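So you can see what is in the structure, the chains are spelled out below.
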Amino acid sequence: MYSRVNYDTQGYRPNQTEKYSLDHSLMPPCQAACPLLMEIREYIDLIAQGRNMEALQVIRSGNPFPSICAYVCTHPCEDSCRRGQVDKPVAIRALKRFAVEFGGDRMVQAEAETTHQEKVAIIGSGPAGLACAYYLRKLGYPVTIFEAHSELGGMLRVGIPQYRLPRQVLDTEVQRLTHMGVEIRTNTRVVSLDLLFDLGYKAIFITIGAHQSLRMGIEGEESPGVIDGATFLREINLGLKPSLGDKVAVVGGGNVAIDAARTALRLGACEVHILYRRSRAEMPADPVEVEQALEEGVRIQFLVTPTRIKRQDGQLNMTCIRMELGEPDDSGRRRPVPIQDSNFNNVFDTLIAAIGQAPQTPSDFHIRIGKGSTIQVDPATLTTNRAGVFAGGDAVTGPATVTEALAAGRLAASRIDDYLQHRYPLPPKEGRKSLAGDLLPRTIEMIRKISRLEPQILSPEARAKDFGLVESVYDWQAAVNESRRCLRCGMGAEILFQDKCATCLTCLRVCPYHVPHLDTSGAIQIPVDQCQACGVCVAECPAKAIVLRKPYDRRQVTEELNHTLKSAAESKLKPLIIGFCCQYGLFGTGALASLWRKTGAGVWVVPVLCVAKVESDHMLRAFEMGAEGVFIAGCGEQCARENTADWVRQRVGKVRKTLREIGLEPERMQAFVSETANADVAQQMDKFSDRIGNLYLASIIMQEVKR
Amino acid sequence: MIVAQQKPLEETRRMIAPYPRVLILGCGTCMTVCDTGGEREVSYLHNALRVAQAKGGNGTHTFSEYTLKRQCDAEFLELLADKIKDIDVVLSLGCGIGVQAIAERFPDIPVLPGVNTSFMGMAKERGVWDERCAACGDCRLEETAGICPITRCTKGILNGPCAGTKNGKCEANKDMDCAWVLIYKRLERLQQLEKMRRYYPPRNFRAIPRPKRIVSKANLNTGGSNG
Chain A
1198 MYSRVNYDTQ GYRPNQTEKY SLDHSLMPPC QAACPLLMEI REYIDLIAQG
1248 RNMEALQVIR SGNPFPSICA YVCTHPCEDS CRRGQVDKPV AIRALKRFAV
1298 EFGGDRMVQA EAETTHQEKV AIIGSGPAGL ACAYYLRKLG YPVTIFEAHS
1348 ELGGMLRVGI PQYRLPRQVL DTEVQRLTHM GVEIRTNTRV VSLDLLFDLG
1398 YKAIFITIGA HQSLRMGIEG EESPGVIDGA TFLREINLGL KPSLGDKVAV
1448 VGGGNVAIDA ARTALRLGAC EVHILYRRSR AEMPADPVEV EQALEEGVRI
1498 QFLVTPTRIK RQDGQLNMTC IRMELGEPDD SGRRRPVPIQ DSNFNNVFDT
1548 LIAAIGQAPQ TPSDFHIRIG KGSTIQVDPA TLTTNRAGVF AGGDAVTGPA
1598 TVTEALAAGR LAASRIDDYL QHRYPLPPKE GRKSLAGDLL PRTIEMIRKI
1648 SRLEPQILSP EARAKDFGLV ESVYDWQAAV NESRRCLRCG MGAEILFQDK
1698 CATCLTCLRV CPYHVPHLDT SGAIQIPVDQ CQACGVCVAE CPAKAIVLRK
1748 PYDRRQVTEE LNHTLKSAAE SKLKPLIIGF CCQYGLFGTG ALASLWRKTG
1798 AGVWVVPVLC VAKVESDHML RAFEMGAEGV FIAGCGEQCA RENTADWVRQ
1848 RVGKVRKTLR EIGLEPERMQ AFVSETANAD VAQQMDKFSD RIGNLYLASI
1898 IMQEVKR
Chain B
317 MIVAQQKPLE ETRRMIAPYP RVLILGCGTC MTVCDTGGER EVSYLHNALR
367 VAQAKGGNGT HTFSEYTLKR QCDAEFLELL ADKIKDIDVV LSLGCGIGVQ
417 AIAERFPDIP VLPGVNTSFM GMAKERGVWD ERCAACGDCR LEETAGICPI
467 TRCTKGILNG PCAGTKNGKC EANKDMDCAW VLIYKRLERL QQLEKMRRYY
517 PPRNFRAIPR PKRIVSKANL NTGGSNG
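Chains as they are written, first to last, in this note's numbering: chain A, 1198 to 1904; chain B, 317 to 543.
Please note: incorrect hints may appear among the correct ones.
[Stated by the list, open to error] Heads up, simulated DSS-like pairs for lysine-lysine below, C-alpha to C-alpha not over 30 angstroms straight-line:
(1) A:Lys1630 to A:Lys1285
(2) B:Lys440 to B:Lys371
(3) A:Lys1444 to A:Lys1316
(4) B:Lys501 to B:Lys440
(5) B:Lys440 to A:Lys1763
(6) B:Lys371 to A:Lys1851
(7) A:Lys1851 to B:Lys528
(8) B:Lys511 to B:Lys385
(9) B:Lys501 to A:Lys1854
(10) B:Lys501 to B:Lys485
(11) A:Lys1884 to B:Lys371
(12) A:Lys1285 to A:Lys1316
(13) B:Lys323 to B:Lys482
(14) B:Lys511 to B:Lys482
(15) B:Lys471 to B:Lys528
(16) B:Lys511 to B:Lys323
(17) B:Lys511 to A:Lys1854
(18) B:Lys323 to A:Lys1769
(19) A:Lys1854 to B:Lys385
(20) A:Lys1630 to A:Lys1771
(21) B:Lys371 to A:Lys1771
(22) A:Lys1399 to A:Lys1285
(23) A:Lys1763 to A:Lys1851
(24) B:Lys485 to B:Lys528
(25) A:Lys1851 to B:Lys471
(26) B:Lys528 to A:Lys1854
(27) A:Lys1851 to B:Lys511
(28) B:Lys501 to A:Lys1851
(29) A:Lys1771 to A:Lys1646
(30) A:Lys1630 to A:Lys1335
(31) B:Lys482 to A:Lys1854
(32) B:Lys385 to B:Lys399
Think of the hints as simulated: they come from the structure by calculation, not from any bench.
Since this is a predicted model, take the numbers as computed values, not measurements.
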């Protein structure tokens, strides 16, 4: 009996095999770390191509208020970015800000139609409440937001200082919500949920935040001149101007303490001291913020805590004690232990206590309160002990980040929808597998090191004066360069057709990162956690058994070529020149804009994402479809890999040889992948198109002569 | 592994000239590994022929392409049975064995060799192949420290080196190592230099009949006509 060989996978053509349509990419660590699961890798790649508006679309699809996150996100994505294992993580938050500002976020108009009758009340207008309102409106529910303060935004408005989040940004987002038809009731403190139900609301989402500062529990805490951090920031942000005196002390080591200290400095305090009972390593505040505070002149005294406050002559005489670090506590940080007899005294005008906050839920809500005054909910459904009442945000978690609050709001919206439509709450969608594992040292060694570009920030002197924004946005070039540092984790190559693989070891030999390896059974493995998705093995595999994991990457060059050829066929311009041009860098930054102007002379550009992905087949196909000349323009020295140009030259060499065999001039095929300046390339291109023009003219004359 | 080289495009075009419908048939084993007739090369040749046709204008062909796992086994060729109904010729990018296997299986369709089957060898690096074995049927590698003088010595002598060796290189090609110097060095390393002292009588190539046949299964009468 003969055994049959299954050839189902033969011929890798669009829409012919089911495998083709499947996305095999894994979730990158940055996305997995994001509470909102934003498609960070995707929008970073779009920024690298200069496609900011599309980048913004990707961002907006996962984040209701990208402009807010762009300023104040604590970017857990950057902490898990694997570029950090090579040099430093990609500046994801700053890139998002670039995309938001240059992608036309202000022009985005959110619209919503009311398709449901059930009214929903949202108590609190912090990020969780706003996000919930946004998504509920999108789902078609009439939504009312109740806010106790005079303006919307919750902690975004009253907690975060203006130098970190400009108020226009917040206003724009709020305005967008109003446009969507969200009813807003400011200066309205909700005291009873029953009342809301009586008013006809079918579901209530409580996001009252954590605004109540914790007490230090020391003698003299009630003296005038002592204020808590949250109240202090709230007063400033709602337009009050408390007088602080010259010497201000801030107690605490979190972001609120840093914000309070920097705000005090901007209000004119001469000396601002932060007293923190642990050391710098244990500080929960964002290290960048701490650094900026120090630059501005804030002094931080570590391992110090106040024990007694005495008001004397309009000033505060504060007794402090020094601490040392003992055994780690529940939070994993080392517990501070007072040192005996290390008391010392200090005199301040004002003391701001910022040692933490807790939610304060009115008792008339009749909902169950758990540890640390937080509201108890089912984490999967956000339901409380009362039917139709949901809770989320800081009120449930205790003080947390904006992104977590947005994620809670989004979850609440879908759970409230489930509740109102009498649906069983669906379990979360089976997500893509996330990428696990660190880069191996030998892979790291082969990755080109590119230093991280930080966005410009104002000088400490200039920024400590007022509440103006500290950080500037990237310029285009910087954003493109920074986004090109992305390692594109989890979307690399895979041997999709194991039956085709002849184990020829080509992939193993051509990989710039030495990623493919032979396993003990003699099969080639391309570990997804090491692959950098450069596509060299894909273009070289003699069996065409390797593909990139994302469907778009697999067909990109072919599809763009077909599209370009189709457009070119309708054009009357001769001679036709097809150029495969790298979309990163060159065109992303517009450095080769002169090329586009050439389009009038019959130059058609096939945009490709790295010229290493252009196969010899593509070049020949361009000739077959009537191109008189074909060229490849790479981004040169900006490329993430050093040997891209070699691969391009090899393939071009092969095509030139074939052209000669056919009887065409080999110089019709040209590669511009120089490592030198871009202007040079533009000049070479001009020469090339002239040459092709001459060849074309000559061939027409020859035809005439033959007749 | 069998190593081959694609025929010059001109020759291929001359061969296919009489046939309007051409199936370019790749082979997924040796020809894929030596970058000559795998799926990528099939598609490249296809494109090259189409460009030549578009630019040259000598007759028109319709091409189709297909790649088999192996052309040298009849079972794989069964997959072609339907395909060859619509074509006039098979342009095989398999080695000489594949071409003959197709000819044997499909007596009514012409088959053309798209490659020149060159030798048995191995990859030196990506894209470079070296000959290593002449398939002489009488292996002497035990005596020559695992280095074959039949293939790697230009003269193929069994009692080397000859007088033409200079600085370890061959007189025929200054870039090529003298196989016998390599053998000497390796024997020295293995402390078996006495093997250099032995004399190997000339081999009687006429005693090896062609075509050869190897039978590995038991209980079968061997011999008789074989080819």
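Structure versus earlier hints, numbers of those that do not hold, lowest first:
2, 3, 5, 7, 8, 9, 12, 13, 16, 17, 18, 20, 22, 24, 25, 26, 27, 28, 29, 31
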